[in-house]
Amino acid sequence: MRSTNVTRSRSFINVGEPQAHRLLPNVTRELRPMSSTLRTADPIIRIHPADDVVIARRQLLGGTVLSSEHVTVSGLIPPGHKVAVRAIAAGQPVRRYNQIIGNATQAIAPGQHVHTHNLEFSSFARSHEAAQGQQPTAYVDAPATFQGYVRGDGQVATRNYIGVLTSVNCSATAARAIADHFRRDIHPQALADFPNIDGIVALTHGMGCATASDGEELQVLRRTLGGYARHPNFAAVLVVGLGCETNQIQGLIAQEGLQEGARLVTFNIQDSGGTSKTVARGIEVIRQLLPEANRVQRQPVSAGHLTVGLQCGGSDGYSGISANPALGAAVDRLVRHGGSAILSETPEIYGGEHLLTRRAVSTAVADKLLARIAWWEGYTARNHMKMDNNPSAGNKAGGLTTILEKSLGAIAKSGTTNLVDVLEFADPAKARGLLFMDTPGYDPVSATGQVAGGANLICFTTGRGSAYGCAPSPSLKLSTNTALWLKQQDDIDIDCGTIVDGLESVDEVGERIFRMMLETASGLRTKSELHGYGQNEFVPWQLGAVM
Numbered sequence: 438m439r440s441t442n443v444t445r446s447r448s449f450i451n452v453g454e455p456q457a458h459r460l461l462p463n464v465t466r467e468l469r470p471m472s473s474t475l476r477t478a479d480p481i482i483r484i485h486p487a488d489d490v491v492i493a494r495r496q497l498l499g500g501t502v503l504s505s506e507h508v509t510v511s512g513l514i515p516p517g518h519k520v521a522v523r524a525i526a527a528g529q530p531v532r533r534y535n536q537i538i539g540n541a542t543q544a545i546a547p548g549q550h551v552h553t554h555n556l557e558f559s560s561f562a563r564s565h566e567a568a569q570g571q572q573p574t575a576y577v578d579a580p581a582t583f584q585g586y587v588r589g590d591g592q593v594a595t596r597n598y599i600g601v602l603t604s605v606n607c608s609a610t611a612a613r614a615i616a617d618h619f620r621r622d623i624h625p626q627a628l629a630d631f632p633n634i635d636g637i638v639a640l641t642h643g644m645g646c647a648t649a650s651d652g653e654e655l656q657v658l659r660r661t662l663g664g665y666a667r668h669p670n671f672a673a674v675l676v677v678g679l680g681c682e683t684n685q686i687q688g689l690i691a692q693e694g695l696q697e698g699a700r701l702v703t704f705n706i707q708d709s710g711g712t713s714k715t716v717a718r719g720i721e722v723i724r725q726l727l728p729e730a731n732r733v734q735r736q737p738v739s740a741g742h743l744t745v746g747l748q749c750g751g752s753d754g755y756s757g758i759s760a761n762p763a764l765g766a767a768v769d770r771l772v773r774h775g776g777s778a779i780l781s782e783t784p785e786i787y788g789g790e791h792l793l794t795r796r797a798v799s800t801a802v803a804d805k806l807l808a809r810i811a812w813w814e815g816y817t818a819r820n821h822m823k824m825d826n827n828p829s830a831g832n833k834a835g836g837l838t839t840i841l842e843k844s845l846g847a848i849a850k851s852g853t854t855n856l857v858d859v860l861e862f863a864d865p866a867k868a869r870g871l872l873f874m875d876t877p878g879y880d881p882v883s884a885t886g887q888v889a890g891g892a893n894l895i896c897f898t899t900g901r902g903s904a905y906g907c908a909p910s911p912s913l914k915l916s917t918n919t920a921l922w923l924k925q926q927d928d929i930d931i932d933c934g935t936i937v938d939g940l941e942s943v944d945e946v947g948e949r950i951f952r953m954m955l956e957t958a959s960g961l962r963t964k965s966e967l968h969g970y971g972q973n974e975f976v977p978w979q980l981g982a983v984m
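Under my numbering, the first residue of the sequence shown is numbered 438, with each subsequent residue one higher.
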C-alpha cells in the first residue's frame with residue numbers, strides 16, 4: 438500500500454466540456470445549499486444556480502408546480518430524489534453542486550425524475566489543480582476545552598477502557614470470556630469499586646494466520662493492532678495469542694515498537710496450558726490493572742487534543758445538503774481550535790478528489806492522495822470489480838444515483854479547511870488539521886483504521902439509519918433528515934434534518950455538532966455506548982489472499 442508518485446492530471450471519471458470540472462473560487466459553496474436557511478414553503482432544494490436538478494424536500498406528486506423553477510412535476514418523485522429543471526439531452530452531463538454527477542442515458546424533460554433509469558456514471562479527463570485552493574487557517578486565540586484524561590505520555594483520552602486484543606482469531610473466544618467476566622450488565626459488582634473505568638472490551642478479528650509472514654496484509658494488521666495498543670482511550674491493554682500463529686506477538690511488538698510492562702501485558706493459550714487457564718490468567722491480569730486504571734481524573738484540556746474520525750453510512754439524497762456539510766462546519770471549527778479530523782473511505786471520494794487536491798497544502802500531499810486513487814483502481818481491477826460499483830441499494834433508495842454524486846456529498850464532511858496530510862490505513866495521525874486516511878468505504882473497516890490512527894471520537898452521518906459504535910472511541914451519529922430522527926432516535930444523537938426543514942442553517946447545526954463533540958469527549962455517553970456497541974465493530978482491513 439505504500440504510495441508511488443503519479444501526475445496531477447489524469448484520466449478517470451465524469452463527462453463534460455473541458456471546463457466542466459473546474460471549481461468556482463469557493464468550492465465548498467457548491468457543496469452546501471445556497472441560502473443559509475432553506476425556505477420551508479418550497480417543496481424542493483436548489484443547491485447551485487448552475488445545477489440541472491433540484492432535490493425533493495418531500496414526496497412530490499405528478500402535477501405539482503415548482504413555482505421557484507417554473508416547472509411542473511411529471512410522475513412521482515420520492516423525498517431526497519432529483520427532479521430535472523431543464524431539458525437534458527441524451528448523452529449530456531447532469532450537474533448537482535455545479536459538479537457533474539453522470540450522463541443522461543436518454544432525453545430528460547423538465548419535471549421528470551432523474552435517477553438510475555436515465556442517469557449513469559461516465560469518465561473523462563480531469564485536471565486536479567493541486568494545492569491551488571488552500572487558504573490560511575484562522576486559529577482562535579482561546580481554544581475551547583473539554584474534560585479529558587491526560588496520560589503519562591501526554592496523550593489525551595476521551596474514554597478510559599482496558600482492552601483485550603488478540604493476535605489471531607484462534608484466541609478470540611478466550612479474549613471475549615476474559616472481558617465478559619467484567620461486564621456490568623452480567624456481573625454488576627465486577628467493576629463496582631472502579632467507577633472511573635468505562636469497561637473492559639475485547640476486540641477480536643478473523644485474521645492473524647494463513648498469510649505471508651513478510652506480506653503487506655500482516656504488516657497492516659500489526660499496524661492496526663499497534664495503533665489500538667497505543668490508543669489513549671486504553672488505560673492498559675492485554676494481548677492474547679494462540680502461540681503458533683503467523684502473527685506472533687513478539688513480531689507485533691517489534692514492528693510497532695511496543696513495550697511490554699504495566700500498560701501492555703501479553704501471553705498465549707499454548708504457553709498458559711489451554712483455554713480455561715488462559716481465561717483465568719487473563720481475569721487475574723485485568724484485576725491487577727484495575728486499581729491503576731481507575732486513578733485517572735478528568736481535567737480541562739484544549740480542543741486541540743481532539744482527533745475526530747469522519748464517517749457516513751446509509752447515505753441518502755439529503756446527506757450532501759444537511760448532515761455532511763453541517764459536520765464540515767463543525768470540522769472547520771475544530772481545526773480553528775487546534776484539533777484534527779480524519780476523512781476516509783477512498784472509494785467514496787472517487788470522482789470528487791479534485792476538491793481535496795486543490796485544498797492540499799502541497800503538491801506532495803495532493804500526489805499522495807492521487808496515488809491512493811490509482812492504487813484503488815488497480816486493486817478493484819485485480820479483483821474484477823469497478824470503482825463505480827457504489828452506491829449501495831439503500832443509497833439509491835434514498836436518492837443517490839452514481840458514485841460521483843455520493844462522493845461529492847461525502848466530501849462535504851471535510852468542511853473548507855486545508856488538507857495537511859494523506860495517511861495509509863491505520864497510520865498514526867501526527868499532523869494537526871484535516872487529514873485523509875486511505876480506507877475502504879465499508880464503515881466498520883474504515884473507522885477501525887481511523888481509531889488505530891488515533892481518532893478519539895467518531896462522527897457518523899446517516900440518511901437511511903445506522904446502529905454503530907466503535908470502542909474505545911465514542912461514536913456520535915447524525916441523521917440527515919428528521920423523518921429518520923423520529924423513527925430511530927434510539928440510535929441517533931443529533932438531528933440535522935432541521936436544515937432540510939428550513940429551521941436551522943448549516944452553520945447553526947455545525948455549531949451544535951461542535952459543542953456535542955466537546956460534551957461527548959468530556960464523558961457524555963452516546964446512544965451507541967448506551968446500547969453496548971463497539972466490540973463487534975472492530976474490523977481490520979483484510980487485503981490479501983487467505984492461504
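It is possible that part of the hints are untrue.
[Said to hold, decoys possible] Derived BS3-like pairs (lysine-lysine); straight-line CA-CA distance at most 30 Å: (1) Lys833 / Lys823; (2) Lys964 / Lys833; (3) Lys833 / Lys924; (4) Lys867 / Lys924.
These are computed hints drawn from the structure, not numbers from a lab.
Against the structure, the hints come out as follows:
1. Pair hint Lys833 plus Lys823 holds up; C-alpha atoms about 17 Å apart against a cutoff of 30 Å.
2. For the proposed pair Lys964 and Lys833, the alpha carbon gap of about 27 Å is at most 30 Å, so the pair holds.
3. With a C-alpha separation of about 20 Å, the suggested pair Lys833 and Lys924 falls inside the 30 Å cut-off, and the hint holds.
4. Proposed proximity of Lys867 and Lys924 is contradicted: the alpha carbons are some 39 Å apart, above 30 Å.
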